[in-house]
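In my numbering, each number is its position in the sequence shown, counted from 1, plus 25.
Treat the hints with care, since some could be wrong.
[What the hints assert, rightly or not] Calculated pairs, SDA-like style, for lysine to any residue (alpha carbon to alpha carbon, straight line, at most 25 Å):
1) Lys105 - Leu60
2) Lys105 - Thr50
3) Lys105 - Gln71
4) Lys105 - Leu83
5) Lys105 - Glu76
6) Lys105 - Leu74
7) Lys105 - Gln90
8) Lys105 - Val73
9) Lys105 - Leu54
10) Lys105 - Arg53
11) Lys105 - Trp77
12) Lys105 - Val89
13) Lys105 - Tyr91
14) Lys105 - Ala79
15) Lys105 - Ile87
16) Lys105 - Pro56
17) Lys105 - Asp84
18) Lys105 - Asp72
19) Lys105 - Thr45
20) Lys105 - Met63
21) Lys105 - Pro86
22) Lys105 - Gln85
23) Lys105 - Arg78
24) Lys105 - Ala55
25) Lys105 - Pro70
26) Lys105 - Gly92
In case anyone wonders, no lab produced these hints; they're calculated from the structure. Keep in mind it's a predicted model, so treat the numbers as computed, not measured.
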Amino acid sequence: MQRYLLQRIFFIVFSLFGATLLAFTASRLAPGDPLRLMAGDQNIPQDVLDEWRARYGLDQPILVQYGYYVSNALQGDLGKSYHYVGT
Numbered sequence: 026m027q028r029y030l031l032q033r034i035f036f037i038v039f040s041l042f043g044a045t046l047l048a049f050t051a052s053r054l055a056p057g058d059p060l061r062l063m064a065g066d067q068n069i070p071q072d073v074l075d076e077w078r079a080r081y082g083l084d085q086p087i088l089v090q091y092g093y094y095v096s097n098a099l100q101g102d103l104g105k106s107y108h109y110v111g112t
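Put together the whole structure using the sequences plus the hints.
Structure representation (structure tokens):
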């Protein structure tokens with residue numbers, strides 16, 4: 026019985042890791058720069074884009090970004106939408 030429970034727990038953890046990795050990777054492989062998508066048709070200066078990149082953690086290494094993604098997802102925060110910015 027203990028072995029069965031350990032197998033199930035391992036499978037659940039492995040599945041959740043795979044799902045988060047897949048979602049994170051899919052969002053990073055999307056075409057275009059997320060900050061340019063946020064800016065829309067506006068001509069935003071590069072220094073402002075660099076500030077946004079730092080604010081959203083996009084200047085961090087990819088593994089650090091994934092760590093933040095998982096940490097925030099465990100707290101129910103799935104991030105900001107780059108497409109649907111408040112009006």
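Which hints from the list above does the structure break, by number from lowest to highest?
none
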